[in-house]
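Chemist: Using the sequences provided together with the hints, build the complete structure.
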Amino acid sequence: MKTAITVKKKNGLALKPALLARPVTPVKKRRLEFGRRWDYAPAPETVPVKIDPRHELFIDGKFTAPRSGQYFDSINPATEAKLCEIARGDGQDVDRAVAAARRAFENVWSRAPGRERGKYLYRVARILQEKARELAVLESMDGGKPIKESRDFDVPMAAAHFFYHAGWADKLEYAFPGRKPRPLGVAGQIIPWNFPLLMAAWKIAPALACGNTVVLKPSKSTSITALRLAQIFQEAGLPDGVLNVVTGDAATGTALYTHPDVNKVAFTGSTEVGKIIARACAGTGKKLTLELGGKAANIILEDAPIDQAIEGVVSGIYFNQGHVCCAGSRLLVQEGIYDTVIHKLRNRIQTLRVGDPLDKNTDVGAINSCAQLEKIRELVRCGQEEGAEVEQSSCALPSKGYWFPPTFLTSVTMSHRVAREEIFGPVLSVMTFRTPEEALERANNTPYGLSAGVWTDKGSKIFKMVGKLRAGVVWANSYNKFDPASPFGGYKESGFGREGGAHGLSAYVQLT
Amino acid sequence: MTTTFASVPTIDQVTVEERAASFTKRSIKTSAKLAGLKMAVSMIDLTTLEGKDTPGRVAYLCRKALQPAEPKYDVPSCAAVCVYPNLVRHARRFLGERSAVKIASVATGFPSGQYPLRTKLEETRRAAGDGAEEIDMVIDRGAFLAGEHRKMFDEIAAVKAACGDSHLKVILETGELVTYDNVRLASQIAMEAGADFIKTSTGKVQPAATMPVTLVMLEAIRDYFFATGLRIGMKPAGGIRTAKQSLAYLVMVKETLGDDWLTPDLFRIGASTLLNDVLMQIAKTADGNYQGADYFSIS
Amino acid sequence: MNALRLDVRKTYKLYIGGNFVRGESGRYLPASSPSGALLDNFCHASRKDLRDAVSAARSACDGWAKKSAYLRGQILYRAAEMLEDRAPAMTEEIARSTGAAPEKARAEVNLAIDRLVYFAGWTDKFAQVFGAVNPVASSHFNFTIPEPTGVVAALAPDEPSLLPLISLAAPAILTGNSAVLVASDKFPLPALTFAEILATSDLPGGVVNILAGKRGELISHLASHNDINAIVNASSAEETHQALQSGTAINLKRYAARKMTAEEWFTDSAENPYWIADTVEFKTAWHPIGL
Chain F
0 MKTAITVKKK NGLALKPALL ARPVTPVKKR RLEFGRRWDY APAPETVPVK IDPRHELFID
60 GKFTAPRSGQ YFDSINPATE AKLCEIARGD GQDVDRAVAA ARRAFENVWS RAPGRERGKY
120 LYRVARILQE KARELAVLES MDGGKPIKES RDFDVPMAAA HFFYHAGWAD KLEYAFPGRK
180 PRPLGVAGQI IPWNFPLLMA AWKIAPALAC GNTVVLKPSK STSITALRLA QIFQEAGLPD
240 GVLNVVTGDA ATGTALYTHP DVNKVAFTGS TEVGKIIARA CAGTGKKLTL ELGGKAANII
300 LEDAPIDQAI EGVVSGIYFN QGHVCCAGSR LLVQEGIYDT VIHKLRNRIQ TLRVGDPLDK
360 NTDVGAINSC AQLEKIRELV RCGQEEGAEV EQSSCALPSK GYWFPPTFLT SVTMSHRVAR
420 EEIFGPVLSV MTFRTPEEAL ERANNTPYGL SAGVWTDKGS KIFKMVGKLR AGVVWANSYN
480 KFDPASPFGG YKESGFGREG GAHGLSAYVQ LT
Chain G
0 MTTTFASVPT IDQVTVEERA ASFTKRSIKT SAKLAGLKMA VSMIDLTTLE GKDTPGRVAY
60 LCRKALQPAE PKYDVPSCAA VCVYPNLVRH ARRFLGERSA VKIASVATGF PSGQYPLRTK
120 LEETRRAAGD GAEEIDMVID RGAFLAGEHR KMFDEIAAVK AACGDSHLKV ILETGELVTY
180 DNVRLASQIA MEAGADFIKT STGKVQPAAT MPVTLVMLEA IRDYFFATGL RIGMKPAGGI
240 RTAKQSLAYL VMVKETLGDD WLTPDLFRIG ASTLLNDVLM QIAKTADGNY QGADYFSIS
Chain Y
0 MNALRLDVRK TYKLYIGGNF VRGESGRYLP ASSPSGALLD NFCHASRKDL RDAVSAARSA
60 CDGWAKKSAY LRGQILYRAA EMLEDRAPAM TEEIARSTGA APEKARAEVN LAIDRLVYFA
120 GWTDKFAQVF GAVNPVASSH FNFTIPEPTG VVAALAPDEP SLLPLISLAA PAILTGNSAV
180 LVASDKFPLP ALTFAEILAT SDLPGGVVNI LAGKRGELIS HLASHNDINA IVNASSAEET
240 HQALQSGTAI NLKRYAARKM TAEEWFTDSA ENPYWIADTV EFKTAWHPIG L
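Protein chains in written order, with numbering that gives the first Met the number 0: chain F, 0 to 511; chain G, 0 to 298; chain Y, 0 to 290.
By construction, these hints were calculated from the structure, which means they are not laboratory data.
This structure is a prediction, so every number in the text was calculated from the model and none was measured.
Heads up, the beta-carbon is just placed ideally off N, CA and C, and yes, glycines get one too.
You may find that some hints are simply not true.
[Unchecked claim] Quick partial rundown of chain F residues pointing at chain Y, CB under 8 Å, derived from the structure:
1) A80
2) G273
3) A395
4) P397
5) I461
6) V473
7) K480
8) S485
9) L510
Modeler: Okay, here's the thing in structure tokens:
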């Protein structure tokens, strides 16, 4: 905060009439009005996309029907309309995929020079960029996220991950001084529904760069772009079996991480499932990395750049409908600026445009699934029962599809469920603190430790807070920033292992 | 009424620039685009600030401001013309006593502000007396940067008094203040000293108006409104040349201050070349074909 | 006169929070030489002693991690000095416990000293070697630093009796972690003697805690303990490995196995700087760059 300076008006008397001549809005009505004079017309993304009515498994370089002959429906969460059918892979399909990956590993990929592996990945990155708009539309249709985000974040970031890791493929020995890195073998990777294409890229790019082959299991509700990525691999001419995609449900995932010929398991998803996988992999010799849940604190100290902090809070919790493991779902505000922050936040969420994910002006899209919507509702209801006050955007919600308005809860205490459990929706729990030490204590008072945010103008305080927060990623005066060069991953029950950066490579090599 | 500049928040450059850029991502189409462009025209302070300005040139400007385009396009007149003090009476003569287009005059030793207060006040009184309904003063950046915030405050307050009934726009010349922190503090001082509008730039210094600097000022206006209930106007000037840019500014105003500010009473754009680009876009929207500069009168 | 003098026998105690304690249960076990002769009794740690050791380690963690890397290096070096000072006694302890030839025992002590010195030197270097400044595309300063994970439990193998204990503890504590070490079931006395040496070094109490007794009794409690951040297991038993690692599912504690033969502990492979990385957390911080 700037040094307060006080200026007495020398000629205050002369000024008064001029000031009083203006209409003064009473305190209670000092809020901003959005939407009356000028509103944006619908601006739908018009790139045509073709979605095959039936999507098969991708095994050994070919799209192939599941042994069981079973398919499930993929639903557009914004309309509840069926998009297509997706193959339900079972244990036998996983066997086929792992066998193909093993053959590709032994015969081709682990023997390929790093430089050649890298060139394949560069090629994939380029094709991703070329197909960016189509992929963005598919991602928004399949997952419900705003086209603005899939277009400006998910897809370019996915391409960036392939670019970044492509360059590592022939430089791995520099990442591990004094050691020789070798690939692990077949990696079984299970990814969530919140960033379907991006998570696939996060997982596949480092695995392949390090010389492993992959069997990828996308989330049941969002398989389309992973399969489109498989097509891109075909188009890029990657050797058969280097990447396999087995779609399906939880049982498919189980078949993958319990498969005896899988050397490495990488999972992103809930802590609950992460623990089950950890137990199953124990003693098997499989290398495991887990990127799990979070309940991140976003801390605003009273000397913060408040308006930017509000932006950080908004992107921290409403980005991707709050379906983000590192979402800043607990807002900790220093008491002296609490009223200011709440007032600003209350006005700010009114500007968020909720609705059609394919409209280029949509800020908050559809909740990914009916089940997730139920979970969010249940937790907010519980928050209310426990005494929290609910503040919501007054935006209109579409009648079809799964929607939840941007919400924050005040009068929340540390023991409320909404302060402890991951909601994974656009719901923020606001709490206060008095001193920086108290903020740290509250921020760290959780079994999770994925991320945290801290807003303050004082350099020394930033470093102190960054150092004391028990979280794998700390955004100081920023939030929800990502980069392929920047390692990402959690402390404590948010999992172990890092993705991205030089550190992410360790998950996919053995050192000799 | 005691005035304090306490709790002027600090500004983070990276985030404020990201936020400003986010407004340019809004897709303004069809009816919203047409309405926005017409609104932009109604908010333009059509400006000429050249040493070679003459009464004749000002007449062109006034005419253009009154009727920017052919009647079939149903375009409103501009908000004001903005001229040097010596040309105010010529503008008044051309526009008449009561005009939809207001007359704004730069003043207080524009553009540098490096003149004695006495002459600044005299200049202000003369311009107002000649018929300027709006005075666009420049702040004493030297005083601000030297830490003499009180001097800056007092000068604005004095000019405000000299304005009489005329509205006061206070030009911060943000390109010379350099940091967003300075812009935010200067905005606060200007508002507390009596500014009806705060304005980014003279147009004589680069950079002039930018989206992030305007955002910082809009946020200062918003906080001043929250604190006092008074609505202060905003005028970015210089550097806004295209219809697309003007729409992005309108989006920014709307999403920062709300629709209440989407009126020429509270938002202006200081510009000259912008007008015809906006008109060409309006014509394109109305007629369906891309336009050429030869079909639009210059001012 | 000498013939009439009776030896004063020592009961080796557990080392918890910088204190030597008899153990909550009061149980003890006899340590015997390979030939079957009774050497001395030692305290037999219970699950409650484990609980106390973890709690002592937790209390010690913050203060230890807060010390400068330079100071932690000096303290570890001081531990090496103390071990060198007590080398003859330690040699004798190893020899009588394990039946090793005195030269072999002395070689183990020497290597243990050198290994402590080696890891002492890493305290102010691992962050440079394992940390990074990351060139992100946006205008942010982005760096990754290793931080201690917290409380590390380490299980020593049955043999050698001293060297693995040090090779497991040093890379864990040099970063600022505190450790709960479970000594060899078979040859616990050298570990407990090492505790006495640590107690006279400058290592703050609680940074290293040493338990002895029957490892099998502690495994499930170690695995399930919610306040242990990482387990490093050098026990060769497959079922121990399985039990400890599945315990990580309780609270996602980190797990590292050190599968080494007794001979391998004498080689460079037991002086592995990458072991440091097994018990750190990598924190990545972002900050905008602007005016």
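Chemist: Which of the listed hints are not met by the structure?
Modeler: Of the numbered hints given earlier, those the structure breaks are 1, 3 and 4, listed in rising order.
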